[in-house]
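Peer 1: Could you build all of it, start to finish, from the sequences and the hints given here?
So you can see what is in the structure, the chains are spelled out below.
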Amino acid sequence: MADELVEQAAVAVGDLVALLTVVPDFDEFFGEFGDDEEIDETEADEVDDEIDDDPLALYLERVRAILDAANN
Amino acid sequence: MTTPLNTLDYEPLAYDLVRYRDVGLDDQIWQVIAEAISGGDLDTFRRQLDEGDLMLIATFARRRIVKARREANGEFLHQAFRAYALAGSIGEAELNVWIKGALLTAQDIGTNVEELFDSFAEIAPEPSVDNLRVVIDALERLEHLAQCHLVATETSYGPGLLNIIVQRDAVPGFSISAMSAPGKVSAFQVAFDNASRVASVAAQLADAFDELEHHDTTEIRHDQLVATSFDVVTGGSFLPARACVSFHVNVLNGPSFSVILADVTPPKPATPRVTSPKWPTNWSNKRPWPWVTWWPS
Chain A
0 MADELVEQAA VAVGDLVALL TVVPDFDEFF GEFGDDEEID ETEADEVDDE IDDDPLALYL
60 ERVRAILDAA NN
Chain B
0 MTTPLNTLDY EPLAYDLVRY RDVGLDDQIW QVIAEAISGG DLDTFRRQLD EGDLMLIATF
60 ARRRIVKARR EANGEFLHQA FRAYALAGSI GEAELNVWIK GALLTAQDIG TNVEELFDSF
120 AEIAPEPSVD NLRVVIDALE RLEHLAQCHL VATETSYGPG LLNIIVQRDA VPGFSISAMS
180 APGKVSAFQV AFDNASRVAS VAAQLADAFD ELEHHDTTEI RHDQLVATSF DVVTGGSFLP
240 ARACVSFHVN VLNGPSFSVI LADVTPPKPA TPRVTSPKWP TNWSNKRPWP WVTWWPS
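Order-wise, the sequence lines are chains A and B. Heads up: the first sequence begins at 0 in numbering that gives the first Met the number 0, then just goes up one per residue. Heads up: the second sequence begins at 0 in numbering that gives the first Met the number 0, then just goes up one per residue.
Where hints are given, some of them may not hold.
Facing chain B, from chain A, some residues (calculated, C-beta under 7 Å) [stated by the list, open to error]: (1) 14; (2) 17; (3) 20; (4) 22; (5) 57; (6) 59.
Hints were generated in silico from the structure; no laboratory data involved. For each residue, glycine too, the CB sits at the ideal point set by N, CA and C.
Peer 2: Right, dumping it as structure tokens:
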């Protein structure tokens with residue numbers, strides 16, 4: 000269930016586990032668009048295109064390198 | 000009216016007592032405290048302290064306790080106790096964690112505890128003096144930092160201290176020795192194995208994020224591994240770990256995120272039910288853990 004609400008990524012090396020979790024933008028969840036506000040579908044698609052669906056990916060190699068070093 | 004402390008504020012990383020680093024503000028705060036004490040009108044000074052000032056004084060005192068441990072110098076403990084005394088009232092948590100930790104540190108580095116008490120009692124209000132007397136009289140029952148919910152850490156920054164979180168919650172099946180009296184909420188301390196490398200590795204991780212442009216980390220804190228983050232079935236809300244810490248990474252031009260680092264030495268299986276108990280190198284939180292059936296429920 001947590002996966003559906005927040006972006007997470009984990010790296011495990013040996014006995015060490017690093018879990019990265021994007022801090023949810025609650026304005027985006029609840030406040031940015033009111034119920035009565037109509038959203039232009041084209042605009043919504045553009046917003047979706049701009050959202051990085053894997054914002055943690057660029058950090059994982061760095062995290063793994065540090066955990067690897069700690070295990071050697 | 001405000002005090003001169005009102006204009007002072009620590010940088011976020013000054014709160015990190017695992018990655019302890021000297022900051023000039025400590026000496027500046029001590030100067031204000033020392034001048035207030037020598038000024039004599041302590042009641043007026045105390046009335047002017049707001050919540051931010053009290054937090055600043057507590058942070059100063061904690062940092063001085065860590066510095067005393069690092070440099071085996073009792074003078075910094077005296078400064079911490081004078082700061083607490085100037086603040087006036089000391090909260091239960093501060094008393095049970097940091098004051099007790101300071102007294103144990105005093106014993107470790109050969110600082111006279113009674114002299115610390117005198118240093119405090121000279122300026123503190125009577126109720127606070129009485130509270131400290133009780134703690135000192137019971138000092139012989141204190142043997143190690145864990146009793147103060149503190150863990151001594153060792154990282155590339157040198158010695159530090161980590162405040163261990165204490166959960167107050169009903170814990171079905173938890174050891175009866177850790178339960179409080181019937182009718183009260185039970186309390187238990189979340190484990191932190193001192194032998195774990197977690198604090199040291201977390202410091203390296205946090206430093207690596209700090210090196211990135213537009214990335215700033217917060218202090219390293221004790222934490223727990225939340226079970227719902229993983230595709231596992233457990234008997235509780237958290238996964239067992241030898242040690243676990245976390246910090247936040249604030250990103251200026253992207254989503255900010257938290258980092259939790261845990262040492263999760265998997266228990267050895269009595270009867271293997273999977274072919275390989277080895278932690279998979281390409282493991283991710285999307286996949287079930289192969290030894291999930293071995294986690295204690």
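Peer 1: Now look at each hint and say whether the structure bears it out.
Peer 2: Status of the hints after comparison with the structure:
no.	hint	verdict
1	14	5 Å, holds
2	17	5 Å, holds
3	20	5 Å, holds
4	22	5 Å, holds
5	57	9 Å, violated
6	59	9 Å, violated
The structure shown violates the earlier hints numbered 5, 6.
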